[in-house]
Amino acid sequence: MINISEVSETNDMIEKENLDVRTITMGISLLDCIDSDLDRLCEKIHNKIYESAKDLVKTGEDISREFGIPIVNKRISLTPIALVGGAACKSSADFVRIAKTLDKVAHEVGVNFIGGYSALVSKGMTKADEMLIRSIPEALASTELICSSVNVGSTKTGINMDSVRLLGDIILETAEKTKDKDSLGCAKLVVFCNAPDDNPFMAGAFHGVTEADRIINVGVSGPGVVKTALEKVRGENFEVLCETIKKTAFKVTRVGQLVAKEASKRLGVPFGIVDLSLAPTPAIGDSVADILHEIGVEYAGAPGTTAALALLNDQVKKGGVMASSYVGGLSGAFIPVSEDQGMINAVEAGCLVLEKLEAMTCVCSVGLDMIAIPGDTKATTIAGIISDEMAIGMINQKTTAVRLIPVIGKKVGETVEFGGLLGYAPIMPVNNFDCSNFVNRGGRIPAPIHSFKN
Amino acid sequence: MKRAIITVVGKDTVGIIAKVCTSLAEENVNILDISQTIVSGYFNMMMIVDITERDADFVKLAHKVESLGTEIGVVIKMQREDIFNSMHRI
Chain A
1 MINISEVSET NDMIEKENLD VRTITMGISL LDCIDSDLDR LCEKIHNKIY ESAKDLVKTG
61 EDISREFGIP IVNKRISLTP IALVGGAACK SSADFVRIAK TLDKVAHEVG VNFIGGYSAL
121 VSKGMTKADE MLIRSIPEAL ASTELICSSV NVGSTKTGIN MDSVRLLGDI ILETAEKTKD
181 KDSLGCAKLV VFCNAPDDNP FMAGAFHGVT EADRIINVGV SGPGVVKTAL EKVRGENFEV
241 LCETIKKTAF KVTRVGQLVA KEASKRLGVP FGIVDLSLAP TPAIGDSVAD ILHEIGVEYA
301 GAPGTTAALA LLNDQVKKGG VMASSYVGGL SGAFIPVSED QGMINAVEAG CLVLEKLEAM
361 TCVCSVGLDM IAIPGDTKAT TIAGIISDEM AIGMINQKTT AVRLIPVIGK KVGETVEFGG
421 LLGYAPIMPV NNFDCSNFVN RGGRIPAPIH SFKN
Chain B
455 MKRAIITVVG KDTVGIIAKV CTSLAEENVN ILDISQTIVS GYFNMMMIVD ITERDADFVK
515 LAHKVESLGT EIGVVIKMQR EDIFNSMHRI
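Read top to bottom, the protein sequences are chains A and B. Everything in the first sequence is counted per this note's numbering, starting at 1 for the first residue and increasing by one. Everything in the second sequence is counted per this note's numbering, starting at 455 for the first residue and increasing by one.
Calculated directly from the structure, the hints in this document are not laboratory data. Honestly, I wouldn't trust all of these hints.
[To be verified] The calculated lysine-lysine pairs, modelled on DSSO-like cross-linking and capped at a C-alpha distance of 27 Å, are:
hint, chain 1, residue 1, chain 2, residue 2
1, A, K247, B, K531
2, A, K58, B, K465
3, A, K265, B, K514
4, A, K58, B, K473
5, B, K531, A, K58
6, A, K265, B, K456
7, B, K531, A, K261
8, A, K179, A, K104
9, B, K465, A, K54
Same shape as in the complex, but just chain A (with noise of 0.2 Å):
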């Protein structure tokens, strides 16, 4: 039986260390709602998502109660948008207006967030692709819950540059058309290569078309957890460090698998997968960077970082693995700056550059994410940011992704406030040396020969 030691080991890492589950995450799938008529496919979306989902907050909170265990995020993931719409929609206006289908049932069942306001387009674009993505900044703008992503690149596809270079654009206007929010529209954008169909985490989510009608995915957290296991084999080697993080990872996945398997019998769908992250939150001591800082450099960003990291991230798999039946989606550590004190601290303290970020994220989960840069940026700046991320992906056979913030009228060393899970950032410098050039040249990059590993 259950011993007192194992009942406050569990406890405290709830109470001090910050353990929750991130998000239980509802997939739904839309395509039984396709019509050619806008009414009557804003009247299906609606009615089905609201039937799914109307019982997943308060099974959420149900299962929060009974199992101490808080459950930070309840939120659906849809099928892509542009795939929905695509019949019905005959221009962005239309796609708004689906948008704020989305965002009112999104108030009805009371989720955090809906995502799956997307276009997978990897290899070219359709009109209704477009069309979506043309849609975004107003969509964003226009409602409060709605996530938005568009999957730019694939190891299989290559990168579609044209879509890489429209985002430049659509970045900078769906910052402009949420100014007056500090851009926060950019925070709820997320560009992606190699986006997986199971993804529980926001801004990306999305219910991909290989998935069943209903699915549930959830995505543990932790990192405060992983720190303070940590503070104990302080100056051990490697190895202990390594043994680590995994068996420690090994009981925050459980605690998923655990919440994933009691939503999926309550709420009668599926289980899907459990998502093994590392997801740090604004809050003192839930950070990933102050991991980093425990293995053993003094900031996020210091030489080593990128080593520290990357056995970090493999270690969170190793021993989360075993603990889930099915695991999938973006399955890593997350360096997002603006929600991880530990990253601002570092980016403050001029330890933390751009360039480094981009380097962490060849070995780690996601990408550049939630990073605040100057208003005044070039779209073709971003684009060409957009570009070499999509190329980390790609030629690395992983997910990465780019959500980056250009706050309308603020410069370096301004900060700037999202607030809640969001958190705030500094303005971090970007290198805005031209690459116009580049970005214009228009068509797609190859996809990657897959011998030859170097």
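Starting from the known structure of chain A, arrange chain B on it as the hints suggest.
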């Protein structure tokens, strides 16, 4: 059998165990195991209880037990056992 873990943490005073046990008896909840330590004046107790009969109204029962904690000045928490089994048993 469905089981729950009750933890009680707080400053040690007379009658903590008695009050918690009485409250559980009133609710017809059987106690399977109790362990307890005192670390520098702080009372730390864990109980394993049988909730097979009370599975449906777990939240109500937990609320009652936990509000008793507020009355007697300690922190009481009641959780389903599964979370501990998941984390500590393969």
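Cross-check of the supplied hints:
no. : hint              : verdict
1   : K247(A) x K531(B) : holds, 26 Å
2   : K58(A) x K465(B)  : violated, 35 Å
3   : K265(A) x K514(B) : holds, 21 Å
4   : K58(A) x K473(B)  : violated, 32 Å
5   : K531(B) x K58(A)  : holds, 20 Å
6   : K265(A) x K456(B) : holds, 16 Å
7   : K531(B) x K261(A) : holds, 23 Å
8   : K179(A) x K104(A) : holds, 23 Å
9   : K465(B) x K54(A)  : violated, 43 Å
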